[in-house]
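Whenever a hint applies, use it, and build me the whole structure from the sequences.
Protein chains: 2
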Amino acid sequence: MIFCDIGNTYFHFYDTKSIWKVAPENLDKKFLTSQVYYISVCKEHEQKLLKLQHHARNIAEYIEIDTLYVGMGIDRKAACLSIFDGVVVDAGSAITIDVMHEGMHLGGCILPGLFAYMHGYASISPVLKKSFNFNLNLDDLPQNTQDAISFGVFKSLKGIIESMAKNKKIFFTGGDGKFLSKFFNNSIYDEMLIFRGMEKTFKDICSKEIK
Amino acid sequence: MIFCDIGNTYFHFYDTKSIWKVAPENLDKKFLTSQVYYISVCKEHEQKLLKLQHHARNIAEYIEIDTLYVGMGIDRKAACLSIFDGVVVDAGSAITIDVMHEGMHLGGCILPGLFAYMHGYASISPVLKKSFNFNLNLDDLPQNTQDAISFGVFKSLKGIIESMAKNKKIFFTGGDGKFLSKFFNNSIYDEMLIFRGMEKTFKDICSKEIK
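One line per chain: the protein sequences are A and B, in this order.
Just so you know, we're using full-length UniProt numbering here: the first sequence kicks off at 1 and counts up by one.
Just so you know, we're using full-length UniProt numbering here: the second sequence kicks off at 1 and counts up by one.
Rather than coming from a laboratory, the hints here were simulated on the basis of the structure.
Here the structure is a predicted model, which means the values were calculated and not measured.
C-beta atoms are modelled at their ideal positions from N, C-alpha and C, and glycine is treated no differently.
A hint or two may mislead.
Stated by the list, open to error - Ranges between beta-carbon positions, derived for each pair:
#1 A:A23 with B:Y62: 21 to 31 Å
#2 B:K182 with A:F134: 30 to 40 Å
#3 B:K43 with A:H54: 38 to 48 Å
#4 A:K48 with B:K178: 23 to 33 Å
#5 B:L50 with A:M192: 55 to 65 Å
#6 A:M192 with B:K168: 42 to 52 Å
Written out as structure tokens, the structure reads:
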């Protein structure tokens, strides 16, 4: 059995032992050695998977979360399902921040991912086409363009996450989650977050089908 | 006499009576009825101006500000020169936030402008291709994609500006400055900020040339 989370940039896989990711152009039958249960936020990539494994099964309809939010991405739902109380930050192509309180989803917001920020700057002016300084100290005011850009992104992300988390624990996941989590004391990085929600859902389906 | 601030998106003009802006494709001799004194952050647009008025004069070299910052845009320098103490937020193609303390520039950061944010979202997924909700209440957690995106941008900008301003007054300028200023009590919107710095510099040049 393989779980697959189809994102806008990568296919993320989990076979209950290890996690790995594959770029769409490298997706191959060799990664699909057993039945795939998946969720997807990208129609095009989903078709790519189904071409290689016709009987792969989309489990989105079983992932249900208590929320008033309309149009919540299925990956966000799965990640939020995996925790009872706290804030979920999924830092991938986009950065989503969602608040969970006693099993209920209270709402959430969306920011560009680090890569999208970098592209955004480059699109404004060639002067702003810089990589980030990942060793930046957020207590000092920036004195050059690379630091000014890095500070703008990291400090503003830190601020909004803090203001939404208040005293709640913060659960980070996604490609840039590990880096962002270092700005917080009350945080956990868990690359399994979405798969935990999928696994929970899968167990629910199985127990229902047994009954 | 006309002052011109050449940005990445527009030509901004000031003739000591009124302010107006012109898109590069619409730049015409009719806007250049007297001697132009300019600053520029865009070489290409600068060439366009010089083609129409060969004797237009770049006053960048006279705009000097007390700072350790390396590579500060000339428009930021001009805006900062116009105030003695406070925080300057120029919300145009990019959003720059600079801290001035007793005539000294202490440092600053750069974020994407609202338009660049919107493009950034659209580049991640068609689902995120939305306009902003400018009437959003930042005290409520978002419950749909448009609000989630608007909240992400506005709340994170509000947070970083607040954290950099502390108790200082905040001076907004630029196309989106008026909108962003409404999130702050201790703020002023002044579309003249850059021109004030240019005018100050111009007066300095004149008084030196008279001596």
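These are the hints, each one checked on the structure:
For the pair A23 (chain A) and Y62 (chain B), the supplied restraint of 21 to 31 Å is violated, since their beta-carbon distance comes to about 51 Å. One distance hint, 30 to 40 Å for the beta-carbon pair K182 (chain B) and F134 (chain A), holds here, with the actual separation near 34 Å. In this structure the supplied range 38 to 48 Å is violated for K43 (chain B) paired with H54 (chain A), their Cβ-Cβ distance being about 55 Å. Between K48 (chain A) and K178 (chain B) the beta carbons are some 46 Å apart, a value that contradicts the proposed interval 23 to 33 Å.
L50 (chain B) and M192 (chain A) have their C-beta atoms about 59 Å apart, which keeps the hinted 55 to 65 Å range intact. A C-beta distance of roughly 44 Å is found between M192 (chain A) and K168 (chain B), which places it inside the suggested range of 42 to 52 Å.
In terms of the numbered hints stated before, the structure departs from hints 1, 3, 4, listed from lowest to highest.
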